[in-house]
Amino acid sequence: MTKSILLVGVGGQGTILASKLLTTGLMEAGYDVKMSEIHGMSQRGGSVSSQVRYGDKVESPVIEIGGADILVSFEKMEALRWLKYLKPEGKAVVNDFEIESMPILNGKVDYPKGINEELVEQANATIIDAATKAKELGNSKVMNIILLGTVVKSMGLEEIDWEKIISGNVKEKFIDMNIEAMKIGMDLVK
Amino acid sequence: MKKLFTGNEAIARGAYEAGVKYASAYPGTPSTEILENMATYKESILAEWAPNEKVALEAAIGGSVAGARTVAAMKHVGVNVAADPLFTFAYTGVNGGMVLITADEPGQHSSQNEQDNRNYAKFAKIPMLEPSDSQESKDMIKVALEISEAYDTPILIRMTTRVCHSKGIVECFDREEVGIKEYVKDAKKYVMVPAHAKVRRIAVEERINKLKDFSNTTALNYFQWYDTKIGIITSGGTFGYANEVFGKDASYLKLGFTHPLPDKKIKEFASKVDKIYVIEENDPYIEDYIKSLGITCHGSDVFPCCGEMTPDVIRKSVFGEMNPTIDYDENKVIARPPTFCAGCPHRGFFYEIGKRKNIMVSGDIGCYTLGFSDPYNALDSSFCMGGSLSIGHGAQQVFNMKENNKKRVVSVLGDSTFFHTGINSLLDVVYNKSNSINVILDNRITGMTGHQQNPGTGYTLQGKETKIVEIEPLVRACGIENVRVIDPNNLKEVKETLDWALSLDEASVIITRWPCVLKKFSKEDKEEFKGAFMEKCSIDKEKCIGCRMCIKTGCPALSFDKEAKKASINPVQCVGCEVCIQTCPVSAIAKEEK
Numbered sequence: 001m002t003k004s005i006l007l008v009g010v011g012g013q014g015t016i017l018a019s020k021l022l023t024t025g026l027m028e029a030g031y032d033v034k035m036s037e038i039h040g041m042s043q044r045g046g047s048v049s050s051q052v053r054y055g056d057k058v059e060s061p062v063i064e065i066g067g068a069d070i071l072v073s074f075e076k077m078e079a080l081r082w083l084k085y086l087k088p089e090g091k092a093v094v095n096d097f098e099i100e101s102m103p104i105l106n107g108k109v110d111y112p113k114g115i116n117e118e119l120v121e122q123a124n125a126t127i128i129d130a131a132t133k134a135k136e137l138g139n140s141k142v143m144n145i146i147l148l149g150t151v152v153k154s155m156g157l158e159e160i161d162w163e164k165i166i167s168g169n170v171k172e173k174f175i176d177m178n179i180e181a182m183k184i185g186m187d188l189v190k
Numbered sequence: 001m002k003k004l005f006t007g008n009e010a011i012a013r014g015a016y017e018a019g020v021k022y023a024s025a026y027p028g029t030p031s032t033e034i035l036e037n038m039a040t041y042k043e044s045i046l047a048e049w050a051p052n053e054k055v056a057l058e059a060a061i062g063g064s065v066a067g068a069r070t071v072a073a074m075k076h077v078g079v080n081v082a083a084d085p086l087f088t089f090a091y092t093g094v095n096g097g098m099v100l101i102t103a104d105e106p107g108q109h110s111s112q113n114e115q116d117n118r119n120y121a122k123f124a125k126i127p128m129l130e131p132s133d134s135q136e137s138k139d140m141i142k143v144a145l146e147i148s149e150a151y152d153t154p155i156l157i158r159m160t161t162r163v164c165h166s167k168g169i170v171e172c173f174d175r176e177e178v179g180i181k182e183y184v185k186d187a188k189k190y191v192m193v194p195a196h197a198k199v200r201r202i203a204v205e206e207r208i209n210k211l212k213d214f215s216n217t218t219a220l221n222y223f224q225w226y227d228t229k230i231g232i233i234t235s236g237g238t239f240g241y242a243n244e245v246f247g248k249d250a251s252y253l254k255l256g257f258t259h260p261l262p263d264k265k266i267k268e269f270a271s272k273v274d275k276i277y278v279i280e281e282n283d284p285y286i287e288d289y290i291k292s293l294g295i296t297c298h299g300s301d302v303f304p305c306c307g308e309m310t311p312d313v314i315r316k317s318v319f320g321e322m323n324p325t326i327d328y329d330e331n332k333v334i335a336r337p338p339t340f341c342a343g344c345p346h347r348g349f350f351y352e353i354g355k356r357k358n359i360m361v362s363g364d365i366g367c368y369t370l371g372f373s374d375p376y377n378a379l380d381s382s383f384c385m386g387g388s389l390s391i392g393h394g395a396q397q398v399f400n401m402k403e404n405n406k407k408r409v410v411s412v413l414g415d416s417t418f419f420h421t422g423i424n425s426l427l428d429v430v431y432n433k434s435n436s437i438n439v440i441l442d443n444r445i446t447g448m449t450g451h452q453q454n455p456g457t458g459y460t461l462q463g464k465e466t467k468i469v470e471i472e473p474l475v476r477a478c479g480i481e482n483v484r485v486i487d488p489n490n491l492k493e494v495k496e497t498l499d500w501a502l503s504l505d506e507a508s509v510i511i512t513r514w515p516c517v518l519k520k521f522s523k524e525d526k527e528e529f530k531g532a533f534m535e536k537c538s539i540d541k542e543k544c545i546g547c548r549m550c551i552k553t554g555c556p557a558l559s560f561d562k563e564a565k566k567a568s569i570n571p572v573q574c575v576g577c578e579v580c581i582q583t584c585p586v587s588a589i590a591k592e593e594k
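Note that the protein sequences, when read in sequence, are chains E and W. Using full-length UniProt numbering, you'd call the opening residue of the first sequence number 1 and step up by one each time. Using full-length UniProt numbering, you'd call the opening residue of the second sequence number 1 and step up by one each time.
Don't read these hints as lab results, they were simulated from the structure. C-beta atoms are modelled at their ideal positions from N, C-alpha and C, and glycine is treated no differently. Take these hints with a grain of salt, some might be off.
[Claimed, not checked] Here chain W is said to cover these stretches of chain E; the calculated rule only asks that three of the stretch's residues, wherever they fall, bring their Cβ under 8 Å from a Cβ of chain W:
no.	segment
1	28-35
2	57-70
3	98-105
[As the list claims (entries may be wrong)] In the DSSO-like style, the derived pairs of lysine-lysine whose C-alpha atoms are separated by at most 30 Å in a straight line are:
no.	chain 1	residue 1	chain 2	residue 2
4	W	K464	E	K171
5	W	K565	E	K108
6	W	K210	W	K254
7	W	K523	E	K173
8	E	K20	W	K3
With the sequences and hints as input, model every part of the structure.
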């Protein structure tokens, strides 16, 4: 049975590295893997998604509307933007983190209120604070690996040798911090 | 050895394994990474950026004629630029195998149109392959080169965004050297004067007939027999989508070799299934052919005429239903439109030009196309690469026909776009005595596609230092006498320069010279733009009067608090370009050291 993981966020949040580690781990664990990313027009600041699918044999690299087993959102408004891709029985893990887009920055509209409540009410959502946890670790950039940890735990992928995958794909001085970040993420969800 | 590759990485790997010696391209989403990855095989492949797609294809043609296996790669609209040499190369045929890769954009994720380049294979009478995933992308390069050499023809590989940018597992092998074939002068084959071309014209028809036989026998076109109530005929990325939806509830005719199409295989398949769906993206290319064989099938009557044919689209079209979804309040989702980055050198220029009245701004293809959007609302038009200067010229000529015309045209394009084809348009401006204002936004790199070197940067694709083509003397050599080079972050200078250009009754060129904020600086950049992007600005809350003048620069580092009626600057994003400082009427913004 093919499983579908949807990672969403804002350009620059590190979704690409997270999905690279995820797909590498899945491949080394013997799964067939396909992953799709769309590179939009903007270099920075746009809505981004990485669609990861794995199983015995994966046909389509893209996730259908209502097709994701888990939606992991690095930014909370993005979780709502992509929520229609989640299966009604799927899990959502949402980083309680706001990045204002241009209409909000220039004061035309406010950042929407009550997103977390909407997510918890309508979906099987867990709200986490990866930003604070990353800061406690000493580098806010590892927020993406904390979020990757939540995917690993939620999808039951703990058996994969993630320390090896991280060691092979990040700069040496960041390896320990990333391994720690992954563990923190795994502890944040059931 | 197994690797997780995007389709583009797989194409590059395939070219490496298949002994390709030379490749040329102009960057364009979603094709850009093909040459970027080919460039990493430095010992084996000479990979080059060309100034445009026509030049890229011509360079690859030259390489093929000289005896090497070659590749040219481009986005779908790039093939329009390269069409001229392509159609005649189809007549001459090759020496070393030659593959042209077109990366089409169903869904128009970052393109100005959705043209289906499979039509080019039919139009130019050349064979075509359509890979469905990364493994096929790698495998098909080798097959394509073999077909090219066996049938003496250039060959088209049609990719789509999802095939280019999706990753899949690919089995890799070592490179097989094929050597460079002997070059033999052969005017009858390569000099396409009418007397020779008429002979080759017949050869093209004979070739396409032979290729039709090949299409009917090749394993690239194959059956997958399951339930025969539904038969699916498909190609490229939609094969995976169709499998996702129908699985074993349908049988498949999977077409990997799609020009010429296999009439016998299609007839055989049609005779064994009850109902045929043709699933393809963009035009009804396969469907029309099947119908021409007198076979009844469903395609454009069932599926949407445009966009991607993803599994949910197929499901909805065929079964009339979608997967169940979660209901939620969509009003809580605010748009996240693309913007100029904090520190983008285009900001100062568009901030000023957006304020002008009675001008037409003729735009082009690049990050600066965003100058059309809020808060600048500056662009009047944008068509194609390099077109701004000539479209602007034509518009100015017509405006000038009106009595007492006051309307002036400002044409705007980037450095790489100027080198692409804008230079030809500038010659048109000069030669035909235009009075348009021509702006070259020189950010020292090809920006939007992710920072590719170009003739103005001083480096080749494979990192070699090379001559820097300086735009100012080039423009003067074209015959433009009124040229100014300015700093786009200096609003006063931008304003005064626009006033100057508008006061002239002859053509002018304004070059704004400041690097893209995301550019990795070369040693020349470090010297010229010393200290750039190393600082930041901040707003004194006491002084801020909440007038929002700074917000009108559209900088994502600036935000406005409606309740407090104060603007503020995000210190993480700000790089100290100083554009906002110049807009503040009460000098509330100041520079700090970072």
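Against the structure, the hints come out as follows:
Here the segment 28-35 of chain E counts 4 residues with a CB under 8 Å from a CB of chain W, which clears the bar of 3, and the coverage holds. Only residues whose beta carbon comes within less than 8 Å of a beta carbon in chain W count, and the segment 57-70 of chain E has 9; three or more means the coverage holds. Only residues whose beta carbon comes within less than 8 Å of a beta carbon in chain W count, and the segment 98-105 of chain E has 6; three or more means the coverage holds. The straight-line distance between the Cα atoms of W:K464 and E:K171 is roughly 26 Å, inside the 30 Å bound, and the hint therefore holds.
Annotation: proposed proximity of W:K565 to E:K108 holds, straight-line Cα distance about 13 Å (limit 30 Å). Taking the CA atoms of W:K210 and W:K254, the gap is about 21 Å. The hint holds against a cut of 30 Å. Distance restraint check for W:K523 and E:K173: the Cα-Cα separation of roughly 27 Å lies within the 30 Å cut-off, and the hinted pair is therefore satisfied. Under the criterion of a C-alpha separation no larger than 30 Å, the hint pairing E:K20 with W:K3 is consistent with the structure, at around 12 Å.
Hint check: no violations occur; every hint is consistent with the structure.
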